[in-house]
Amino acid sequence: MGLIHIVFGQASIPVLAEAVAMDEKMSGEILCFEDDLSVGPLFILDTPEGRNGRRLFWQQLAGIEPVASAADEEVPVAPVNEETDDADRFKSLKVQLKADPEQEVWIWAGQNARDVCGYYWLVSQLYDFAGRIHIIYLNNLPFLNEKGAVFYPTHLHQILPKEFLKAKKLARAISLAEYELDGDEWHRLMNENAGIRLLEGGKKIKGEPTLFYDKELQAQSGKEFVKAWRVVQQVTGKLKYPVMDQFLGWRLKELIREGKLESKGELKTIRDFEVKQPGENITTTENPTTV
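First residue of the sequence shown? That's 10 in our numbering, and the numbers climb one at a time after it.
No lab work stands behind these hints, which were simulated from the structure alone. Note that this is a predicted model, so its numbers are computed, not measured. Beta carbons are placed, not taken as given, at the ideal position from N, Cα and C, and that holds for glycine. Please note that a few of the clues may not be correct.
Cβ pair distances, simulated, as ranges [said to hold, decoys possible]:
#	residue 1	residue 2	range
1	Ala180	Arg266	42 to 50 Å
2	Ala26	His196	29 to 37 Å
3	Leu190	Ala158	56 to 64 Å
4	Gly268	Pro151	17 to 25 Å
5	Pro287	Asn200	19 to 27 Å
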């Protein structure tokens, strides 16, 4: 019987798959949940109405930044029906666990809001399988990089495959108390329904409004036109736990729509347009478009 390894986001799959191939004790399938629960609405997500609200959120982002146009850049894009796909994946997981009482699950989580929120979502629904669900939370742990230097990764994809073989020793069954406390935390996050969720350390998630990064995006835009991707890069470069590029790109376009920034170029991906603060000091002869 192989394990079921759970990760949050496609970027984690290649390195974990390579690690699993190195150790027969880790053999099993990798199940990836795609939706980034650290951004967007969570209210009553355990109901059809809540799931529909989340689909509308992704449609809002996708309507401004079409999925197809982002195929050639590093922006993580979630399809509009991603949450539904994750719900189907979860149903299949429960079917497997019910069919095989010996089946065990390892949830892998890096020290970032996406993985921690994904963990809370899962653990709130897996109480019936207590004792068989394990967590490997790489919280503030040192690893070796390709040059042999020590570093503290925040995401699984930053870790070398051979280093996962050490991390597996951290696997432990989720306790009954954690099912209760972390399940309560998930319901708190749903009821709070913040625009974004930030990891403050450990497993502590703090909700912030959707507008949280707007001032910083405006400040980095400056008085002259600069590429949108560079503005996003400058903002994320200051963050210990970066928020997804697609979300910040959407916020830039909202600021343009509200007249708080000016732009030129097509408002597709963050590599297709430039932004600046409203007003004079324009060094180019082109007229900016204000959306």
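A quick look at each hint next to the structure:
1. Ala180 - Arg266: 42 to 50 Å: 47 Å, holds
2. Ala26 - His196: 29 to 37 Å: 33 Å, holds
3. Leu190 - Ala158: 56 to 64 Å: The hinted range 56 to 64 Å is violated for leucine 190 and alanine 158, with Cβ atoms some 36 Å apart.
4. Gly268 - Pro151: 17 to 25 Å: 47 Å, violated
5. Pro287 - Asn200: 19 to 27 Å: The hint (19 to 27 Å, Cβ to Cβ) is violated, given that proline 287 and asparagine 200 are roughly 38 Å apart.
When held up to the earlier numbered hints, the structure conflicts with 3, 4 and 5 and fits the remainder.
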